[in-house]
Amino acid sequence: MGYDPENPMKDRITDIGPPHYERFFPQVIKDNYGKWLYHEIVRPGVLKHVSESGAECYTVRVASARLISIEHIREMCDIADKHCDGILRFTTRNNAEFMVDDEAKVQPLLDDLASRGNKFPVGGTGASVSNMVHTQGWVHCHTPATDASGVVKAVMDEIFDYFVEMKLPAKCKMALACCINMCGAVHASDIAILGIHRKPPMVDNEAITGVCEIPLAISACPLGAIKPAKVTLENGDEIKSVKVNAERCMFCGNCYTMCPAMPLADPEGDGCAILVGGKVSASRTGATFSKLVIPFLPNNPPRWPEVVQAVKKILEAWAKNARKYERIGEWAERIGWERFYEKCDIPFSDKSIDDYRLAYDTWRTTTQFKFTSHIK
Amino acid sequence: MGYDPENPMKDRITDIGPPHYERFFPQVIKDNYGKWLYHEIVRPGVLKHVSESGAECYTVRVASARLISIEHIREMCDIADKHCDGILRFTTRNNAEFMVDDEAKVQPLLDDLASRGNKFPVGGTGASVSNMVHTQGWVHCHTPATDASGVVKAVMDEIFDYFVEMKLPAKCKMALACCINMCGAVHASDIAILGIHRKPPMVDNEAITGVCEIPLAISACPLGAIKPAKVTLENGDEIKSVKVNAERCMFCGNCYTMCPAMPLADPEGDGCAILVGGKVSASRTGATFSKLVIPFLPNNPPRWPEVVQAVKKILEAWAKNARKYERIGEWAERIGWERFYEKCDIPFSDKSIDDYRLAYDTWRTTTQFKFTSHIK
Amino acid sequence: MPKHDTPLMDELEKGPWPSFVSDLKRQAEKNPECWDILGQMELSYKDKITHWKHGGIVGVFGYGGGIVGRYSDSPDKFPGVAHFHTVRLNQPSSKFYSTEMLRKVCDLWEKHGSGMTNMHGSTGDMVLLGTRTEELEPLFFDLTHELKWDLGGSGSNLRTPSCCLGKARCEWACYDTQAACHTLTMHYQDEIHRPAFPYKFKFKFSGCANDCVASAARSDFAVIGTWRDNIRINQDEVKKYISGELKAGGGIADSFGAFDIKKDVIGHCPTGCMWMEGGDLKIDDAECTRCMHCINVMPRALRPGVDQGATIMMGAKAPILDGAQLATMVIPFVKPTADNDFEDLIEVIEKAWDWWMEFGKNRERIGETMQRVGLPSFLRVMEVEPIPQHVKEPRCNPYVFWEAAEVEGGWDRDIKEFRERHKM
Amino acid sequence: MPKHDTPLMDELEKGPWPSFVSDLKRQAEKNPECWDILGQMELSYKDKITHWKHGGIVGVFGYGGGIVGRYSDSPDKFPGVAHFHTVRLNQPSSKFYSTEMLRKVCDLWEKHGSGMTNMHGSTGDMVLLGTRTEELEPLFFDLTHELKWDLGGSGSNLRTPSCCLGKARCEWACYDTQAACHTLTMHYQDEIHRPAFPYKFKFKFSGCANDCVASAARSDFAVIGTWRDNIRINQDEVKKYISGELKAGGGIADSFGAFDIKKDVIGHCPTGCMWMEGGDLKIDDAECTRCMHCINVMPRALRPGVDQGATIMMGAKAPILDGAQLATMVIPFVKPTADNDFEDLIEVIEKAWDWWMEFGKNRERIGETMQRVGLPSFLRVMEVEPIPQHVKEPRCNPYVFWEAAEVEGGWDRDIKEFRERHKM
Ligand code: SRM
Ligand code: SRM
Ligand code: SRM
Ligand code: SRM
Ligand code: SF4
Ligand code: SF4
Ligand code: SF4
Ligand code: SF4
Ligand code: SF4
Ligand code: SF4
Ligand code: SF4
Ligand code: SF4
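Protein sequences appear in the order of chains R, C, A and Z.
Numbering of the first sequence is given in our numbering, commencing with residue 449 and proceeding in unit increments.
Numbering of the second sequence is given in our numbering, commencing with residue 449 and proceeding in unit increments.
Numbering of the third sequence is given in our numbering, commencing with residue 466 and proceeding in unit increments.
Numbering of the fourth sequence is given in our numbering, commencing with residue 466 and proceeding in unit increments.
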């Protein structure tokens, strides 16, 4: 049967939602739903949950590139069929999890995974770096200032040990977003990579008529940097367009989102900022925004060495200096941001000083500071 | 000789500044300037400073109404002449200080002071309530929403013990300002009383022409609540005036400051707000703003019983519950503001929720809160 | 057989982390358009800009969301990705799958699309990456008929809700996150599929303050589990942590050395409400803010209380345009339950929507509307009594908006009568 | 003999705190206008509003400040206060007085004014409260000729600077606050007396972080003493505090009970940089933020370091109009000294003034101008290198203003050339 283009509404089914989750529970989870008593991390990547009933569920977490093929998914299915009664799941950070109900089944599963090259590294639990939440980048999106999957691959290759081992002071939640829309959880991550533009939009006068509602383009700009303008095209036509006061532009890209004739992207202008110290959980300290500590690193495909090294440096400075259970931001708050910059060997610039809406609340309004190397 | 109105510029002296401070130093201070080694608080109101040279300076601090007469000052001079080689000083909180260079001279001085009725209470040092920084109120200013000296007198009478004894967890720095211009240090005080208006300005159309520049009045309003208007006076003249959108008014009084024809003052509208938890010193925690915890109490002269009781309740709740060295705001931060309201038995209202410029930063963006009686 | 030279992409086949490049190549054997994905990406790697055109409005009939249109700016070079639309399938709550179902999705996508996916999108959808416009209706037909599965959200509508795995495999879930997520997803199919809002709106459900679905940072409406009574303590197990018999955090790190209950647990407690007394761990629960830290560190000794429920937070979002927002605590405690189809949540949601749909500006997230009108006004809209828990601290400026009704005598005054008492 | 019935005012004669009402009555014997002060205040106590008219511009010739004009709205009833202008005398630094000088002021004010004063005004002036317009010039003549004393500031000018008593009687002053205050007061007589600024500007000088003149909250330009090296520790004295031989805070409270160095000192240290080691108190000075707490509690054991100087903070103010501001740390360390007439301070002040006088709006305090242009721009103006010490934390939004010169290739781009690579 299938879809009949002649008869699009025939037998149409809508609004049925997703399949019910219970259909996909492994038996041990169905039986022990809401009855779990405690868990252990048996080894990196392997969780053991114990139920009030005494039942056990072993979970093996494997990394995933997230941008994966159906062939790859089918291979996951093969594994799950072989070891896990045909069930697997994905985590909120895009790792895959294979569950078994018996300790004896763990090692065969691990062996199988290990036998498949670099496709299924086991890890990401406990005091580790888990998978990076990330976005589309050049593989799919229209507004990116950097790539996503490639940068993530380059970074995770370099800090791989921290995924497969648990040797950090606490969890490190990383993220990447390819533009300041921040589809990745950049604004509240321990370490985040953020694609940013640094050149004001061009105005494509030849194209603007038709693709863009001028008043919308103007009102898109939060800083009023866009004004209406009359311009004469090469063919002599006078049209309504806009002009941009580059001095007032903060490169947010909202104009481009609203008006395709105002592109910002540029090979030299675009690159990555590094933000650190955000978190989401309310454990110990409440949810916290990430702070922009490195305003710009160039896009240097395919391996973004500057970005990779910056991330690694921060990660390792934290690993070396923080107390147990202290997330990166908690550590920075305790030692003071001036000390953070020093420990991480990051140069400070006025780019990291807020000058947006709520800026005043971030100014240092106390004589309490440390005499770091920043003070000559 | 004296001033000659016929010849105002004759022998005119200007820009000579204040007398040099050194002229007024007691000998022991002149001799030990910059050489002080340590101090002790011998008893409430009596400080002992010891110099590297071994010299000692005893200081007796006495309360002052601040609004004082020259007869009162002359009486102070008599005391200083008798005990202190003709020198006295005033503190940054408007207390007077009498200094002697020998322990033996302290008791006679204290006895003398005590013999003069309630004019010279000794205290205000250490973990006490010192004098209240305050302002003019109805004795001199044109914009007050409450009195100053009278409220201070009423409050200090009631909590007098806390001035003459040192039995609080820390210093308590109090202030009063009779309008939101806050000439008293209300915005950074442990407990502060603030005169506030609650009725929008009236427009005195009969008077506005001449006394007021309309554009200035309009631009005075931070919320754009004042608009130009044409009105017809009783005599039939049509004049330019303004009208106020009362819904948008936040009663800041800036319009009245700029335009005398826009009075706000009102017997029922005006009254006092109570702010708490501010501090200035960087000791332990940095300088902090006071928070508005009681939005309004009525003006009830001559003794403002509601204000007095509110202040006392907060003071004593803090005294009872805080740790040593914890200023009021530090205590409130540690226990949480919800608990503060409970401990002080103050009702909470949405008036204490910020909705001005930087409001978002004060919203609770965490699940971390306590289940106080506020949660039904 | 590679269609394009991709020396830059090939570099990303090296290293221990799974390679999406190798994967693309593998898939290209079955779906040759994958060569063009690789080719166009290689070009982006060279040019350092995206090669996707701006926007592209496509969809399935009757739905205003679920598909993100995308067109190549170099369709001649890369015809396989000339159209490259994304299809968002609404994932089942907390993303458990039977291989049977997954394989069906794979087959569907092999037939109708590129064979490449995101497992999963940041909002939570299963994202099928790249297909042509003419495939959309057939795909949707097969999806709904054969898989009995539906699209998720995109555009100015309710986005696909998501949740932590909660009671399915976690001992800390204080309400049933999956049931809440699924029930509301089903309840709001219309809002998910047909944009009627000023901008996007997201639900996320976490079972406890650890917030494993990042709801406090990434959803307009976040429901986060908590409890009202006392942490359950098993003192015997406490002693086992102290003696080293049990590992901190169930073995959260291999590098932590000896357990130190004073430093590791009590020392990190944000409220300082814990102490040791004669070998027993004591908690002054009235002062506890249920941050989860102590429970996280000693999962066998401590458990959330039994009077469980959730806190409702609202308004989180990314920075466009006024700056990012974390969610704001709106309702301290509700008991969301499948017994009443989560009507407590529905009531709150609809109150917020009714208002936001009327007063929210175009492309204004509810958090921004909240900021624009102020929290006091928002609480009035929500008919929530203002409590100190709504703020970190009381306001420090004196600029209170009084209402006429609150002030004795109201606002109508007679300037003449005033001038009798107070001359100019 | 009382001129008016003042039952409400009379109530304020009771109680242990000194009574300004009794004092007014006493002064009324010499200056009968005091009866009218009492009378008009009584009326205010009845009417619950002020009875002073708005404003009143008066002054002495050639000065734009120092006098605040005030007129009664009921001059018929209270002729003694029909005019009631305030005269601000610039107090000597830190307010020591010889009785000889004070008596001269009293005589002056008995002759030319009401006999009532504020000792002192909130800014620091000696405030003479209430005189008639025609007395102003004679008073000023006598003040300058006989007392060799001058007026302080009011209006849009430099306000009377003020300072803590510092080295005069305090062991903690890290620079000479009095000398700084006096030198700058003399240096800027013109700025104090002749308004040339957009709005008022205040200097305050505190010798250490205790900030006894509240400079961090109440001055546009605050200089607060600090040190760069190590806290001086006398371990023998530390032990005396621990043993109870010495009293905490020199005897700061009578109710504190036993001294507990762990709780009272180490436990309150904001940086956690102190610890006990074998009976000795240790400080990791590099981590100390010189908050003064430990020194305050153990004045005989601990002292500020010897490499002393000051931090410059700017922009504090009351709430009108954008909300109150606390001072912002601008220059972490200078060594203000009379040896060079405080030229380090003067340089900073004048840089700020030059800019503020050019760019500040009318009635905009410098703190507000700083907020309007942003801290990065302000630091550029001040030619101060931006350092992390300028902020509590780095920005969390990504909205950085890049300049063309910082970006490779600048901002001039060719849309055509771009379109060759990226078609619409
Ligand atoms: C599987 C997953 C939930 C899901 O529905 O998929 C999950 C599962 C668990 N989380 Fe989580 N968390 C998961 C994402 C999160 C997130 C969201 C995110 O990463 O974006 C957070 C908040 C992130 C943040 O704070 O920035 C999160 C914050 C926590 C915390 C608090 C950590 C902290 O100290 O701040 C704990 C407690 C702990 O680990 O001690 C926790 C604890 C746990 C426990 C131990 C809960 C339990 O008893 O089973 C689970 C195993 C943890 C582990 O991996 O070590 N989980 N956890 C998610 C796995 C993601 C991954 O693949 O890495
Ligand atoms: C005399 C005076 C300075 C002056 O130039 O006039 C002064 C003098 C001293 N102050 Fe102060 N302070 C004086 C106003 C202040 C102010 C300003 C104010 O009150 O508006 C502050 C900042 C207020 C704030 O933080 O809100 C202030 C915060 C301190 C502190 C920090 C207290 C804290 O823990 O936060 C100390 C340290 C201490 O007391 O342990 C201190 C300590 C001292 C010492 C012990 C300094 C010393 O070694 O001599 C002096 C005696 C203190 C006492 O009275 O217990 N002084 N002190 C001021 C007396 C005012 C009064 O009459 O009560
Ligand atoms: C696919 C996905 C990224 C990914 O790789 O996973 C995504 C992709 C896009 N997002 Fe997003 N967002 C995605 C999750 C998010 C999230 C994360 C979340 O939901 O937890 C956020 C931050 C949280 C939030 O909602 O604030 C997010 C915040 C944005 C924003 C900024 C919204 C704001 O209020 O600040 C925009 C801009 C806009 O709406 O115009 C945006 C816009 C977009 C658009 C539609 C670009 C555009 O302006 O047209 C992207 C389409 C990319 C493409 O070519 O397919 N996307 N977007 C995520 C959706 C997949 C899914 O359904 O599961
Ligand atoms: C006399 C004094 C209060 C007192 O009783 O001590 C005072 C009195 C007035 N102040 Fe003030 N201010 C006084 C210290 C302050 C202080 C405290 C300080 O300097 O440490 C402040 C807060 C700090 C600050 O500068 O921000 C202060 C902040 C204001 C403001 C709000 C300024 C702002 O930027 O927010 C105004 C409103 C204005 O300027 O229009 C103001 C305006 C006024 C006016 C001139 C009223 C007006 O708008 O015309 C008051 C005249 C009262 C009168 O009738 O005599 N006064 N004023 C203080 C000056 C005496 C002196 O010279 O020693
Ligand atoms: S972060 Fe920006 S560029 Fe990246 S997927 Fe989201 S909208 Fe697109
Ligand atoms: S990028 Fe942002 S700030 Fe710049 S013109 Fe466009 S909308 Fe305005
Ligand atoms: S606080 Fe207001 S009313 Fe009081 S003296 Fe200052 S300006 Fe006048
Ligand atoms: S009181 Fe303030 S808010 Fe109200 S009208 Fe006057 S200036 Fe505007
Ligand atoms: S949020 Fe809480 S309940 Fe949900 S998975 Fe995480 S730890 Fe478990
Ligand atoms: S849950 Fe958090 S606040 Fe409560 S006792 Fe444990 S650590 Fe302390
Ligand atoms: S600020 Fe410091 S130096 Fe000045 S008096 Fe106060 S404690 Fe002493
Ligand atoms: S001065 Fe403050 S920060 Fe420094 S050691 Fe003492 S208490 Fe700690």
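The hints are simulated quantities; they were obtained by calculation from the structure and are not laboratory data.
One should not assume that every hint holds.
Pair ranges (Cβ atoms, derived) [said to hold, decoys possible]:
| # | chain 1 | residue 1 | chain 2 | residue 2 | range |
| --- | --- | --- | --- | --- | --- |
| 1 | Z | ALA869 | C | ARG782 | 21 to 27 angstroms |
| 2 | A | LYS727 | R | ILE464 | 40 to 46 angstroms |
| 3 | C | ASP452 | Z | LYS826 | 41 to 47 angstroms |
| 4 | C | GLU695 | R | PRO715 | 38 to 44 angstroms |
| 5 | A | LYS727 | Z | LYS826 | 21 to 27 angstroms |
| 6 | A | LYS881 | Z | HIS469 | 24 to 30 angstroms |
Idealized CB from N, CA, C, for every residue including glycine.
Could one say that the CB atoms of LYS727 (chain A) and LYS826 (chain Z) fall in the range 21 to 27 angstroms? violated (55 angstroms)
Does the Cβ pair GLU695 (chain C), PRO715 (chain R) satisfy 38 to 44 angstroms? Once the Cβ atoms are compared, 52 angstroms apart, the range 38 to 44 angstroms for PRO715 (chain R) and GLU695 (chain C) is violated.
Beta-carbon spacing of ASP452 (chain C) to LYS826 (chain Z) - inside the hinted bounds 41 to 47 angstroms or not: holds (42 angstroms)
Given a hint of 24 to 30 angstroms, does the C-beta separation of LYS881 (chain A) and HIS469 (chain Z) actually sit inside it? About 26 angstroms separates the Cβ atoms of LYS881 (chain A) and HIS469 (chain Z), which means 24 to 30 angstroms holds.
Tell me if the beta carbons of ALA869 (chain Z) and ARG782 (chain C) are separated by a distance inside 21 to 27 angstroms. Given range 21 to 27 angstroms: violated, Cβ gap about 49 angstroms.
Evaluate the given range 40 to 46 angstroms for the C-beta pair formed by LYS727 (chain A) and ILE464 (chain R). Hint violated: Cβ distance 55 angstroms, outside 40 to 46 angstroms.
Hint violations for this structure: numbers 1, 2, 4, 5, all remaining hints satisfied.
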